[in-house]
Amino acid sequence: GAVVSQHPSRVICKSGTSVKIECRSLDFQATTMFWYRQFPKKSLMLMATSNEGSKATYEQGVEKDKFLINHASLTLSTLTVTSAHPEDSSFYICSASLGRAIDTQYFGPGTRLTVL
Amino acid sequence: DAKTTQPNSMESNEEEPVHLPCNHSTISGTDYIHWYRQLPSQGPEYVIHGLTSNVNNRMASLAIAEDRKSSTLILHRATLRDAAVYYCILSPSGTASKLTFGTGTRLQVTL
Chain Y
206 GAVVSQHPSR VICKSGTSVK IECRSLDFQA TTMFWYRQFP KKSLMLMATS
256 NEGSKATYEQ GVEKDKFLIN HASLTLSTLT VTSAHPEDSS FYICSASLGR
306 AIDTQYFGPG TRLTVL
Chain X
337 DAKTTQPNSM ESNEEEPVHL PCNHSTISGT DYIHWYRQLP SQGPEYVIHG
387 LTSNVNNRMA SLAIAEDRKS STLILHRATL RDAAVYYCIL SPSGTASKLT
437 FGTGTRLQVT L
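As you go down the protein sequences, you meet chains Y and X in turn. Quick note on numbering: the first sequence equals residues 206 to 321 in the numbering used here. Quick note on numbering: the second sequence equals residues 337 to 447 in the numbering used here.
Treat the hints as calculated values from the structure; they're not laboratory data. Don't be surprised by glycine CBs; every beta carbon is placed ideally from N, CA and C. Worth double-checking, as some hints may not be accurate.
Unchecked claim - Okay, the calculated beta carbon distance ranges per label pair:
1) 248/Y <-> 353/X: 21 to 27 Å
2) 376/X <-> 288/Y: 29 to 35 Å
3) 258/Y <-> 410/X: 39 to 45 Å
4) 347/X <-> 277/Y: 42 to 48 Å
5) 378/X <-> 277/Y: 23 to 29 Å
6) 376/X <-> 321/Y: 21 to 27 Å
7) 207/Y <-> 415/X: 19 to 25 Å
8) 417/X <-> 248/Y: 19 to 25 Å
9) 394/X <-> 227/Y: 28 to 34 Å
10) 227/Y <-> 446/X: 37 to 43 Å
What the hints assert, rightly or not - With a straight-line Cα cutoff of 20 Å, these simulated EDC-like cross-link-like pairs (lysine to aspartate or glutamate) come out:
11) 269/Y <-> 227/Y
12) 434/X <-> 268/Y
13) 246/Y <-> 418/X
14) 225/Y <-> 270/Y
15) 434/X <-> 257/Y
16) 247/Y <-> 381/X
17) 246/Y <-> 292/Y
Construct the complete structure from the given sequences, taking the supplied hints into account.
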């Protein structure tokens, strides 16, 4: 099946710093990538949808200036958490879609962010 | 988005079949039924999807009610590695449809 990687798998940063998370589709070209956030014992919440070469579409309540998404190529999307605060600590998961009519999303392994 | 209802948790013995139910009484004609699962500390994993007919793949079977208001994911022989949260999600056909995750069913598998 299609493989999606994320880097880093785990990151700890100080409050006020920015953190970049990469999401790569390793063996396919992803027309669309999605970014989710998951708090402990909770379900995944979609943050934004990203199409290659265009601006991301953010879900209601997600600050686009705080969570910067770039989808510069068909195999790479990045999420940058700017001026991170402890409440941004979460499990961030990306997924990628082949863009076919009946879509399956292929998920990355997730990035655990801890903001001190 | 049409909503799904799943039991919070289920238990199964290893090597026995598991039937995970999902109710989706407000499903529309163009909604596909998708199942994903999430193992602990990992990203979700696609399991199966269907529209009207029952579906089988190497991981599971999907039984869809005739009125499409409910479906059942069937794991034919549960193993310890099947312990996960299973999500039943409706998504309209079309490219790059969003997935809205509910709370899912936490499946425990015991020896």
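Here's how the hints hold up against the structure:
{"no.": "1", "hint": "248/Y <-> 353/X: 21 to 27 Å", "in the structure": "26 Å, holds"}
{"no.": "2", "hint": "376/X <-> 288/Y: 29 to 35 Å", "in the structure": "31 Å, holds"}
{"no.": "3", "hint": "258/Y <-> 410/X: 39 to 45 Å", "in the structure": "41 Å, holds"}
{"no.": "4", "hint": "347/X <-> 277/Y: 42 to 48 Å", "in the structure": "46 Å, holds"}
{"no.": "5", "hint": "378/X <-> 277/Y: 23 to 29 Å", "in the structure": "26 Å, holds"}
{"no.": "6", "hint": "376/X <-> 321/Y: 21 to 27 Å", "in the structure": "24 Å, holds"}
{"no.": "7", "hint": "207/Y <-> 415/X: 19 to 25 Å", "in the structure": "24 Å, holds"}
{"no.": "8", "hint": "417/X <-> 248/Y: 19 to 25 Å", "in the structure": "21 Å, holds"}
{"no.": "9", "hint": "394/X <-> 227/Y: 28 to 34 Å", "in the structure": "30 Å, holds"}
{"no.": "10", "hint": "227/Y <-> 446/X: 37 to 43 Å", "in the structure": "38 Å, holds"}
{"no.": "11", "hint": "269/Y <-> 227/Y", "in the structure": "17 Å, holds"}
{"no.": "12", "hint": "434/X <-> 268/Y", "in the structure": "19 Å, holds"}
{"no.": "13", "hint": "246/Y <-> 418/X", "in the structure": "18 Å, holds"}
{"no.": "14", "hint": "225/Y <-> 270/Y", "in the structure": "14 Å, holds"}
{"no.": "15", "hint": "434/X <-> 257/Y", "in the structure": "16 Å, holds"}
{"no.": "16", "hint": "247/Y <-> 381/X", "in the structure": "17 Å, holds"}
{"no.": "17", "hint": "246/Y <-> 292/Y", "in the structure": "15 Å, holds"}
In summary, the structure agrees with every hint in the numbered list given earlier.
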